[in-house]
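Student: Here the sequence shown is numbered in numbering that gives the first Met the number 0, starting from 0 and rising by one per residue.
If you're looking for bench data, these hints aren't it; they were derived computationally from the structure.
Mixed in with the good hints, there may be bad ones.
Straight-line Cα separation of at most 25 Å, SDA-like style, residue types lysine to any residue; simulated pairs [to be verified]:
1) K198 x K178
2) K86 x Y248
3) K251 x V230
4) K198 x L83
5) K198 x P153
6) K15 x V193
7) K251 x S46
8) K178 x E82
9) K89 x R43
10) K89 x Q101
11) K178 x K15
12) K89 x K251
13) K146 x Q101
14) K86 x L239
15) K89 x A77
16) K198 x G62
17) K86 x C111
Everything numeric in this text was worked out from a predicted model, so none of it was measured.
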Amino acid sequence: MENIVTSAIAEDYHRKIQESVTAHVAIAGGGPSGLVAAAELASRGLSVNLYEKNLTPGGGMWGGAMLFNSILIEEEFAETAEELGMKLRKYRDSVLLADSVQATAALISRACSAGVRMFNGMAVEDVTVDRYDRVNGVVVNWAPVMKLGMMVDPLMTCAGAVLDATGHPAEIVTRFAAKNNTEITVPGEASLNVEMGEKHTVEHTGMVHPGLFVSGMSACATAGGYRMGPVFGGMLKSGLKAAEEITEYLNKSQ
């Protein structure tokens, strides 16, 4: 039986890797905006690889605020949140509450059910570019290998578009801007302002370089927008907007 366990897992993961060598979209980061974008894109029939360096996708949603596992959704985003599987209850002043564990689990389940290929424990360390400097893939490695600083070469995945959904550090865009001749600057987030932060998260979602997109807190960090704390309506809308713009880009690129 022991050999069957090893053989089954090795064969299945090898199949998954082989199927993911080329994808329509590669997403770095499995927080709320990345999960929403991934599920939406996959539901449109696109092949999507999502790379999350932690063992658990979900980003900062699990812990709510200061480990109080509740989060807020503004009323204007309530319908979207419920369509994504979140269970909401009214609080006051056009604000609703959600259990952060249920909400996060719902987003993960939706992405997996839509057919997103999920690679947890795997990190995007760089992007690939074509001869016109368009981003056309990602460079991946095991997250523990990168954390330990081991000198181990990565592997690559080709993709028609890449989404940086790595959150506050905007890791992919920051690295791309530092290594290439580009006008992109990443000033980082401004201080906390809930209303403006929610607005900026959605407004700044989009393409920052041919083939390279940002969503969620990566969008705020790239544009210098405000942060908003444990309020997640804008993150959901950001993921949906990213999916829409990526779809349009891929259609035009054909």
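Student: Look at each hint and say if it fits the structure.
Tutor: Now for the hints, and whether the structure bears them out:
1. Between the alpha carbons of K198 and K178 the distance comes to roughly 30 Å, so the proposed pair goes past 25 Å and is violated.
2. Between K86 and Y248 the alpha-carbon distance is near 33 Å, which puts this suggested pair outside the 25 Å criterion.
3. Proximity of K251 to V230 is assessed by CA-CA distance (about 34 Å); at most 25 Å being required, the pair is judged violated.
4. Of the pairs offered as hints, the one joining K198 and L83 holds, with about 20 Å between alpha carbons and a cut-off of 25 Å not exceeded.
5. Of the pairs offered as hints, the one joining K198 and P153 is violated, with about 37 Å between alpha carbons and a cut-off of 25 Å exceeded.
6. Taking the CA atoms of K15 and V193, the gap is about 40 Å. The hint is violated against a cut of 25 Å.
7. With a C-alpha separation of about 17 Å, the suggested pairing of K251 with S46 holds against the 25 Å cut-off.
8. The straight-line distance between the Cα atoms of K178 and E82 is roughly 40 Å, outside the 25 Å bound, and the hint therefore fails.
9. Distance restraint check for K89 and R43: the Cα-Cα separation of roughly 32 Å exceeds the 25 Å cut-off, and the hinted pair is therefore not satisfied.
10. Of the pairs offered as hints, the one joining K89 and Q101 holds, with about 16 Å between alpha carbons and a cut-off of 25 Å not exceeded.
11. Between the alpha carbons of K178 and K15 the distance comes to roughly 30 Å, so the proposed pair goes past 25 Å and is violated.
12. For the hint linking K89 to K251, the alpha-carbon distance of about 42 Å lies beyond 25 Å, and the restraint is violated.
13. This hinted pair does not check out: K146 and Q101 have alpha carbons roughly 30 Å apart, beyond 25 Å.
14. Taking the CA atoms of K86 and L239, the gap is about 19 Å. The hint holds against a cut of 25 Å.
15. Distance hint between K89 and A77 is fulfilled; the C-alpha atoms sit about 10 Å from each other, no more than 25 Å.
16. Note on K198 and G62: the hinted pairing holds, with a Cα-Cα distance of about 23 Å set against a maximum of 25 Å.
17. Only pairs whose Cα atoms come within 25 Å are accepted, and K86 paired with C111 is accepted, the gap being roughly 19 Å.
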